[in-house]
Amino acid sequence: MTRTLSAGDAAVAAAPATLTPFTLLLGAKVADPSGATVGTVADIMLAAAPGQIVYVALSVGGIAGIGERLFAVPWGRFVVDPVGGTLAVDFSAAEFAGRDGFDKDNWPGAADPHLTPL
492 MTRTLSAGDA AVAAAPATLT PFTLLLGAKV ADPSGATVGT VADIMLAAAP GQIVYVALSV
552 GGIAGIGERL FAVPWGRFVV DPVGGTLAVD FSAAEFAGRD GFDKDNWPGA ADPHLTPL
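Here this note's numbering is used: position 32 in the sequence shown is 523, and no number is missing along the way.
It cannot be assumed that every hint is accurate.
Each pair of labels, with its calculated beta carbon distance range [to be verified]:
| id | residue 1 | residue 2 | range |
| --- | --- | --- | --- |
| 1 | LEU517 | ASP594 | 14 to 24 Å |
| 2 | ASP603 | GLY553 | 13 to 23 Å |
| 3 | MET536 | LEU510 | 12 to 22 Å |
| 4 | ILE554 | ALA588 | 17 to 27 Å |
Calculated directly from the structure, the hints in this document are not laboratory data. The structure presented is a predicted model; accordingly, all values stated were derived computationally and were not measured. Glycine residues also receive a C-beta, built at the ideal position from the N, C-alpha and C atoms.
Construct the complete structure from the given sequences, taking the supplied hints into account.
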């Protein structure tokens with residue numbers, strides 16, 4: 492069985508992908524809707540088999556790694572500006588008030604279920 496592409500399918504297939512290198516995002520500041528900094532990207536976790544980003548390890552608080560808390564935020568919560576390499580989220584730092592995050596020596600295998608996209 493063969494499938495014929497519609498004009499819309501062909502246009503999507505021909506459109507170049509907007510690519511952003513991980514290296515541009517590592518250490519990037521993450522802003523909330525008002526432009527205030529929520530945290531910085533500590534790392535990006537990728538599932539090798541499907542080749543998809545599972546979560547961003549977001550560093551919140553602290554100075555030079557001291558007192559920081561790490562949170563496994565689902566990739567779906569982020570908006571990337573591919574030109575500027577900046578990241579934005581749809582929540583503020585208050586989302587993490589009173590929460591512990593995860594231990595830097597024991598990274599989770601999945602995103603925090605409390606931070607799933609709205």
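Structure-based check of each hint:
One distance hint, 14 to 24 Å for the beta-carbon pair LEU517 and ASP594, holds here, with the actual separation near 20 Å. Between ASP603 and GLY553 the C-beta distance comes to about 18 Å, which sits within the given range of 13 to 23 Å. The supplied range of 12 to 22 Å is met by MET536 and LEU510, whose beta-carbon atoms lie about 19 Å from each other. Between ILE554 and ALA588 the CB atoms are about 18 Å apart, so this pair conforms to the stated range of 17 to 27 Å.
Violated hints: none; the structure is consistent with every hint.
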